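Chains as they are written, first to last, in my numbering: chain Y, 1 to 193; chain P, 1 to 361.
Derived by calculation from the structure, the hints in this document are not laboratory data.
In this text the structure is predicted, and so the values were computed from the model without any measurement.
Just to be clear, a hint being listed does not mean it is correct.
Derived lysine-lysine pairs resembling BS3-like cross-links, with alpha carbons at most 30 Å apart [claimed, not checked]:
hint, chain 1, residue 1, chain 2, residue 2
1, P, K69, P, K93
2, P, K50, P, K69
3, P, K69, P, K99
4, P, K50, P, K99
5, P, K50, P, K93
6, Y, K20, P, K50
7, Y, K20, Y, K48
8, Y, K20, P, K93
9, P, K69, Y, K20
10, P, K99, Y, K20
Chain P regions said to be covered by chain Y (calculated; three or more residues, Cβ under 8 Å) [what the hints assert, rightly or not]:
hint, segment
11, 22-35
12, 352-361
Note that beta-carbon positions come from the ideal geometry of N, C-alpha and C, so glycine has one too.
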Amino acid sequence: MDPIRRCVTQLSRLPGIGEKTAQRLTWWLLRAPDDLVRELAESLAELKAAVKECSQCHTIAAADPCPICADARRDRAMICVVERPQDISAVERSGEYHGLYHVLHGAISPLDGVGPEQLRLRSLIQRAGEVTEVIVATDPDVEGDATALYIARALKPAGVKVSRLAHGVAVGTEIEYADRVSLMRALENRRVL
Amino acid sequence: MRLLTLCAQDFRNLERVEVSTDARFVMFTGENAQGKTNLLEAVHTLAALKGFRARRNRELLRHGQDAAKVSGLVFDGESRRQLSVELSPTGRKGRVDGKSPAQLEEYFASLRAVVFTPEDVAIVREGPELRRRFLDRAAFTARAGFLEIAQAFRGAMEQKSALLRQERPDRLSLEVFNERLAIAGARLSARRDRLVAELHEPFLQMHGAISGRGKVGLRYVSRLGDGDEAARAERFRSLLGENLNAELERRAPLDGPQRDELELTLDGRSARTWGSQGQVRSLALALKLAELSAARRRGARPLFLLDDLSSELDRLRTGRLVDLLASLDLQVLVTSTDPNVLGDQPEQLRYAVEAGVPRLL
Numbered sequence: 001m002d003p004i005r006r007c008v009t010q011l012s013r014l015p016g017i018g019e020k021t022a023q024r025l026t027w028w029l030l031r032a033p034d035d036l037v038r039e040l041a042e043s044l045a046e047l048k049a050a051v052k053e054c055s056q057c058h059t060i061a062a063a064d065p066c067p068i069c070a071d072a073r074r075d076r077a078m079i080c081v082v083e084r085p086q087d088i089s090a091v092e093r094s095g096e097y098h099g100l101y102h103v104l105h106g107a108i109s110p111l112d113g114v115g116p117e118q119l120r121l122r123s124l125i126q127r128a129g130e131v132t133e134v135i136v137a138t139d140p141d142v143e144g145d146a147t148a149l150y151i152a153r154a155l156k157p158a159g160v161k162v163s164r165l166a167h168g169v170a171v172g173t174e175i176e177y178a179d180r181v182s183l184m185r186a187l188e189n190r191r192v193l
Numbered sequence: 001m002r003l004l005t006l007c008a009q010d011f012r013n014l015e016r017v018e019v020s021t022d023a024r025f026v027m028f029t030g031e032n033a034q035g036k037t038n039l040l041e042a043v044h045t046l047a048a049l050k051g052f053r054a055r056r057n058r059e060l061l062r063h064g065q066d067a068a069k070v071s072g073l074v075f076d077g078e079s080r081r082q083l084s085v086e087l088s089p090t091g092r093k094g095r096v097d098g099k100s101p102a103q104l105e106e107y108f109a110s111l112r113a114v115v116f117t118p119e120d121v122a123i124v125r126e127g128p129e130l131r132r133r134f135l136d137r138a139a140f141t142a143r144a145g146f147l148e149i150a151q152a153f154r155g156a157m158e159q160k161s162a163l164l165r166q167e168r169p170d171r172l173s174l175e176v177f178n179e180r181l182a183i184a185g186a187r188l189s190a191r192r193d194r195l196v197a198e199l200h201e202p203f204l205q206m207h208g209a210i211s212g213r214g215k216v217g218l219r220y221v222s223r224l225g226d227g228d229e230a231a232r233a234e235r236f237r238s239l240l241g242e243n244l245n246a247e248l249e250r251r252a253p254l255d256g257p258q259r260d261e262l263e264l265t266l267d268g269r270s271a272r273t274w275g276s277q278g279q280v281r282s283l284a285l286a287l288k289l290a291e292l293s294a295a296r297r298r299g300a301r302p303l304f305l306l307d308d309l310s311s312e313l314d315r316l317r318t319g320r321l322v323d324l325l326a327s328l329d330l331q332v333l334v335t336s337t338d339p340n341v342l343g344d345q346p347e348q349l350r351y352a353v354e355a356g357v358p359r360l361l
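Turn these sequences into a full structure, and let the hints guide you.
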């Protein structure tokens, strides 16, 4: 196959990139300095070879176990369950959580053919035996809510405390300006003082 | 709320239209198939990001075009806002003053519209599905936040249906979706019930004003009973429990608020079965006007879009309707083949529409 054509075809397989953008990128790469293109190619090749799934929490990292699982200072009595590896960094940015993580790689969605078997749930059930609390931080939508409930029920025999991340009004938002959906969520998750 | 201007580009048969709509009554008249209703549908698209006849975006695009745009200047009594919608065969993008709002709700808060078309007699005449849809639509007109309640229920229903279609559905997953469904369904049922309570009085009032005859009734009959939200959730849980095996066997969800009914009666008898053509029209129109009223009581000020006015009611009722609309503080956009259907109402802008081009009369 013609190398230009091949590059366009490959690039247009990326999400959010259509034929036109792929062509523009290809022509840009053709005119770009040689080392820039080589570095890009090498980083792409390395990505799959050097990055693996952590055998404990299933996040994607350069090492197995991942830096968080390997960190002796982390609180090993707590697991925070997230849908995607990139959700970990969001929770980490809060600076408030020092426990371990567990990445499901999705949420239960029969419409998309994703059932409990397609998620990293069995290993979560195993790991839950060694902790005191599991915090479920799946998305606040139908699939995320159902997954959270599924986890709570599946972990019941283990006797571990299961909590759901509260959703609601963003901190720093005055009630007056909170959007109605968030406010509704917050009302639903209200706590007794 | 008033729509001051309307622009449409490549929208249905409207190639490039720009009209002033700054009047209490705006009327589009002309022969059939000239584009009167398309102008009304453009306004509806601006308010709801979708048409009221078209099921797919593509139907809203002018033949051979792959993009359309509708925009308009809206005045809410305090400030003016420029709303615009860009449509493609697969997408829609709404902007307020050139910016995309973070939440759809924000967009919808800028302009609301209630539409009545000749086809709406089906709400009274046809099956309960259309009446539930009317209720959900009316709840949305009154409070855009209702969207999330309706979506949560529909989402859980779709997931559960997909699960039941599987060869061997995972039992714990089914239990979990049933529980989500119980919560979402109870909320939906309770909200619809509350809305019907809000619609009740304006419905009687509006019906009295347009028809003046017969004792009408409006009642929401839910499969989940008439208790509070918690009681309804409990009722739904036990329904789901009873039907578990039957659902697994039939591979489809069976009972729940998806089978609720909005009961309409005329002198104690089912309007659906017993209503005459004229009575059914009055009832459907009264429902839409009640939707408008309920929204106004909640502080929203929707526009009223009235498609094909003369064909809807006889001359007497048309006159009453126009008087009624004039007595309410709202903007009305009307289409009619009869240019004089509004009589001598002051403050009307009239356009003759021919081949997609409106001309000021």
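Evaluated hints:
1. As the CA atoms of P/K69 and P/K93 are separated by approximately 10 Å, the hinted pair is consistent with the 30 Å bound.
2. Using a Cα cut-off of 30 Å, the hinted pair P/K50 and P/K69 holds, with the two alpha carbons roughly 12 Å apart.
3. Restraint check: the Cα-Cα separation between P/K69 and P/K99 comes to about 15 Å, which is no more than 30 Å; the hinted pair holds.
4. Note on P/K50 and P/K99: the hinted pairing holds, with a Cα-Cα distance of about 19 Å set against a maximum of 30 Å.
5. For the hint pairing P/K50 with P/K93, the CA-to-CA distance comes to about 11 Å; that is within 30 Å, so the pair holds.
6. In summary, the hint linking Y/K20 to P/K50 is supported, as the alpha carbons are separated by about 29 Å, within the 30 Å threshold.
7. Note on Y/K20 and Y/K48: the hinted pairing holds, with a Cα-Cα distance of about 27 Å set against a maximum of 30 Å.
8. Of the supplied pair hints, the one linking Y/K20 and P/K93 holds, its CA atoms being roughly 22 Å apart against a limit of 30 Å.
9. Restraint check: the Cα-Cα separation between P/K69 and Y/K20 comes to about 23 Å, which is no more than 30 Å; the hinted pair holds.
10. With a CA separation close to 26 Å, the supplied pair P/K99 and Y/K20 stays within the 30 Å bound.
11. For the segment 22-35 of chain P, the assignment as covered by chain Y is violated, since 0 residues bring a beta-carbon within under 8 Å of that chain's beta-carbons and 3 are needed.
12. Requiring three or more residues with a Cβ within less than 8 Å of a Cβ of chain Y, the coverage given for the segment 352-361 of chain P is violated, as only 0 such residues are present.
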